[in-house]
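Q: Spelled out from the first residue to the last, the chains are:
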Amino acid sequence: MRPETSVGIIGWGSYIPRWRLPLSEIAKLWGFAPETPRGLNVVEKAVAGRDEDAVTMGWEAARNALLRAGIDPKEIGAVWFGTESKPYAVKPSATIIAEALGITPDTMATDLEFACRAGSEALRISIGAVASGLVKYALVIGSDTAQANPGDILEFTASSAATALITGPAREAAAVFEASYTYVTDTPDFWRRAHQPYPLHGEGFTGEPAYFHHIVSAVKGLLEQTGLKVDDFDYAVFHQPNGKYPLAVAKRLGFPKEKVLPGLVTPYIGNSYNSSALIGLSRVLDIAKPGQRILLAPFGSGAGSDAYSIVVTDKIIEKQDKAPRVDDYLNRKYLIDYATYAKFRGIITRIR
Amino acid sequence: MRFSIPRYWRERHSHYRLYAKKCSKCGRVNYPPSNICRYCGSTELEDYYLDREKAKIISWTIIYPAPEGFEEQRPRIIALLETLETKTRIIAPLTDILPEEIKEGLIVEPVLRRIKEDREAGLIHYAIAYRPVIGSIGTNKQ
Ligand SMILES: [Zn+2]
Numbered sequence: 001m002r003p004e005t006s007v008g009i010i011g012w013g014s015y016i017p018r019w020r021l022p023l024s025e026i027a028k029l030w031g032f033a034p035e036t037p038r039g040l041n042v043v044e045k046a047v048a049g050r051d052e053d054a055v056t057m058g059w060e061a062a063r064n065a066l067l068r069a070g071i072d073p074k075e076i077g078a079v080w081f082g083t084e085s086k087p088y089a090v091k092p093s094a095t096i097i098a099e100a101l102g103i104t105p106d107t108m109a110t111d112l113e114f115a116c117r118a119g120s121e122a123l124r125i126s127i128g129a130v131a132s133g134l135v136k137y138a139l140v141i142g143s144d145t146a147q148a149n150p151g152d153i154l155e156f157t158a159s160s161a162a163t164a165l166i167t168g169p170a171r172e173a174a175a176v177f178e179a180s181y182t183y184v185t186d187t188p189d190f191w192r193r194a195h196q197p198y199p200l201h202g203e204g205f206t207g208e209p210a211y212f213h214h215i216v217s218a219v220k221g222l223l224e225q226t227g228l229k230v231d232d233f234d235y236a237v238f239h240q241p242n243g244k245y246p247l248a249v250a251k252r253l254g255f256p257k258e259k260v261l262p263g264l265v266t267p268y269i270g271n272s273y274n275s276s277a278l279i280g281l282s283r284v285l286d287i288a289k290p291g292q293r294i295l296l297a298p299f300g301s302g303a304g305s306d307a308y309s310i311v312v313t314d315k316i317i318e319k320q321d322k323a324p325r326v327d328d329y330l331n332r333k334y335l336i337d338y339a340t341y342a343k344f345r346g347i348i349t350r351i352r
Numbered sequence: 001m002r003f004s005i006p007r008y009w010r011e012r013h014s015h016y017r018l019y020a021k022k023c024s025k026c027g028r029v030n031y032p033p034s035n036i037c038r039y040c041g042s043t044e045l046e047d048y049y050l051d052r053e054k055a056k057i058i059s060w061t062i063i064y065p066a067p068e069g070f071e072e073q074r075p076r077i078i079a080l081l082e083t084l085e086t087k088t089r090i091i092a093p094l095t096d097i098l099p100e101e102i103k104e105g106l107i108v109e110p111v112l113r114r115i116k117e118d119r120e121a122g123l124i125h126y127a128i129a130y131r132p133v134i135g136s137i138g139t140n141k142q
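From first to last, the protein sequence lines are chains A and B.
All letters in the first sequence, in the order written, are residues 1 to 352 by the numbering used here.
All letters in the second sequence, in the order written, are residues 1 to 142 by the numbering used here.
Be careful, since some hints might not be right.
[Claimed, not checked] Stretch-level coverage of chain A by chain B, calculated; a stretch enters the list once three of its residues show a Cβ under 8 Å from a Cβ in chain B: (1) 88-100; (2) 204-211.
[Unchecked claim] Here are the simulated BS3-like pairs of lysine-lysine, each with C-alpha atoms no more than 25 Å apart in a straight line: (3) K54/B - K322/A; (4) K259/A - K229/A; (5) K87/B - K322/A.
[To be verified] The calculated label-pair distances, taken between Cβ atoms and stated as ranges, are: (6) K87/B - R2/A: 31 to 39 Å; (7) E68/B - D232/A: 54 to 62 Å; (8) E71/B - G291/A: 51 to 59 Å; (9) R10/B - R352/A: 23 to 31 Å; (10) Y64/B - Y198/A: 30 to 38 Å; (11) L134/A - W9/B: 25 to 33 Å; (12) K257/A - K56/B: 55 to 63 Å; (13) F70/B - A33/A: 34 to 42 Å; (14) K229/A - E120/B: 22 to 30 Å; (15) E113/A - V133/B: 48 to 56 Å; (16) Y198/A - P75/B: 26 to 34 Å; (17) T139/B - G291/A: 34 to 42 Å; (18) W9/B - R2/A: 42 to 50 Å.
Don't read these hints as lab results, they were simulated from the structure.
Beta carbons are placed, not taken as given, at the ideal position from N, Cα and C, and that holds for glycine.
Input sequences plus hints: build the corresponding full structure.
A: Written out as structure tokens, the structure is:
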């Protein structure tokens with residue numbers, strides 16, 4: 001028996017800010033070809049308001065996960081926060097969220113960093129912690145107000161959103177883990193040096209040797225380990241830096257488009273980094289039926305990918321309506337212009 | 001530092017969770033918390049957190065002059081609210097709403113937000129603000 005099989009998802013929840021920047025605004029301001037957004041298969045990106053950050057968004061996603069879990073917050077024994085846009089360089093974000101949700105003080109809490117897959121690493125660690133009996137429940141959060149150098153191609157997709165998962169004993173879970181597999185190497189596809197406000201990327205490096213190689217390797221590793229085949233999965237959710245890559249990697253692995261689209265959120269809100277693949281999983285859990293099997297494959301630059309096989313249980317039905325769904329947040333939107341976005345994201349420099 | 005660190009820390013449960021006291025005798029919620037019920041004088045009160053309740057807007061004011069630390073949130077919208085379950089009245093900032101979208105009776109819910117920050121290097125102060133419940137206000141999508 002794999003350790004994963006004793007662990008499942010007890011609650012899940014996401015958060016997307018109300019504000020959306022049409023990508024045509026970026027193309028217009030910085031002189032990109034008007035068809036650039038279409039090339040990325042993204043229409044608008046979600047923008048956190050002036051009073052929001054990775055902590056406040058993570059708080060709301062976690063609150064939604066708690067509503068679905070229906071457990072006493074004091075029973076959570078670990079709060080692990082994956083982000084690359086934490087409000088403090090030093091001072092944990094995880095403790096702010098843990099305190100604000102009434103989880104403190106008898107809990108572990110820390111922030112993790114691995115570009116876009118820190119939250120996924122936290123998920124794998126939580127499986128180990130729950131399976132071993134070290135903790136009963138763990139709260140895993142992926143949250144980012146992704147930054148991009150103004151005028152860089154990354155600015156089209158760098159967006160804001162959060163997703164939280166509460167893992168716990170399989171017998172209480174809405175979906176149980178079947179297996180998980182991680183593949184990492186030292187690959188220089190994307191980085192941000194200390195004290196630099198924006199990340200840089202290795203141009204042609206981001207696709208083939210980074211995103212595609214790592215996700216394909218992780219998924220193949222999972223399939224070899226379990227003997228599962230592509231046809232055994234009802235949904236496939238990949239990291240989604242834009243609206244095209246997930247469909248391309250799916251095609252390469254043999255997954256039809258129909259199994260990818262339910263978990264493809266980036267075309268509507270952009271790439272929310274640590275929430276990117278997880279919000280796709282969240283949207284699939286919102287509609288999944290008992291017995292269905294989900295492939296989840298987050299990716300983080302630097303680089304690494306995790307592949308999970310997750311099977312939905314009967315308990316999912318009663319939990320789906322206990323908190324707002326991803327689509328409720330997708331429908332809650334108000335379009336803003338570039339100037340408002342620049343103010344909200346602190347792009348305008350002022351003396352404070 | 002412009003803002004008191006000990007005070008923010010001491011009051012964190014008020015800021016993060018709207019910590020209050022609920023009277024075991026008359027059932028009313030005392031907010032800010034008090035050890036003697038200000039409605040019936042009882043000393044039997046238990047901890048209560050108002051962040052579990054939605055609320056409705058009674059009235060509001062739009063404040064254009066911003067004190068130091070609030071310049072980027074100008075104008076600030078402060079509302080008088082009444083929570084739906086315990087009918088507790090509280091004053092709190094509104095967020096994720098435009099001035100023209102506010103109306104009496106609108107149902108709002110508590111969310112954790114950045115309320116102020118102590119310049120660029122100091123502490124960030126988080127606290128509860130209220131925003132319209134999901135799905136209750138519209139979009140400007142053409
Ligand atoms: Zn009383």
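Q: For every hint, state whether the structure bears it out.
A: Going through the hints against the structure:
1. 88-100: holds (count 4)
2. 204-211: Coverage by chain B is violated for the segment 204-211 of chain A (0 residues, Cβ < 8 Å).
3. K54/B - K322/A: With Cα atoms ~15 Å apart, K54/B and K322/A stay inside 25 Å; holds.
4. K259/A - K229/A: Satisfied, since the Cα-Cα distance of roughly 14 Å is no more than 25 Å.
5. K87/B - K322/A: holds, 23 Å
6. K87/B - R2/A: 31 to 39 Å: Given about 52 Å between the Cβ atoms, the range is violated.
7. E68/B - D232/A: 54 to 62 Å: Once the Cβ atoms are compared, 60 Å apart, the range 54 to 62 Å for D232/A and E68/B holds.
8. E71/B - G291/A: 51 to 59 Å: Given a distance of about 54 Å, which is inside 51 to 59 Å, the answer is holds.
9. R10/B - R352/A: 23 to 31 Å: holds, 25 Å
10. Y64/B - Y198/A: 30 to 38 Å: holds, 33 Å
11. L134/A - W9/B: 25 to 33 Å: holds, 30 Å
12. K257/A - K56/B: 55 to 63 Å: violated, 45 Å
13. F70/B - A33/A: 34 to 42 Å: The hint (34 to 42 Å, Cβ to Cβ) holds, given that F70/B and A33/A are roughly 40 Å apart.
14. K229/A - E120/B: 22 to 30 Å: violated, 54 Å
15. E113/A - V133/B: 48 to 56 Å: Taking Cβ atoms as reference, E113/A and V133/B lie about 34 Å apart, which means the hint is violated.
16. Y198/A - P75/B: 26 to 34 Å: holds, 30 Å
17. T139/B - G291/A: 34 to 42 Å: holds, 36 Å
18. W9/B - R2/A: 42 to 50 Å: Roughly 44 Å apart at Cβ, these two residues keep to the hinted range, so it holds.
Hint compliance for this structure: hints 2, 6, 12, 14 and 15 are not met, and every other hint is.
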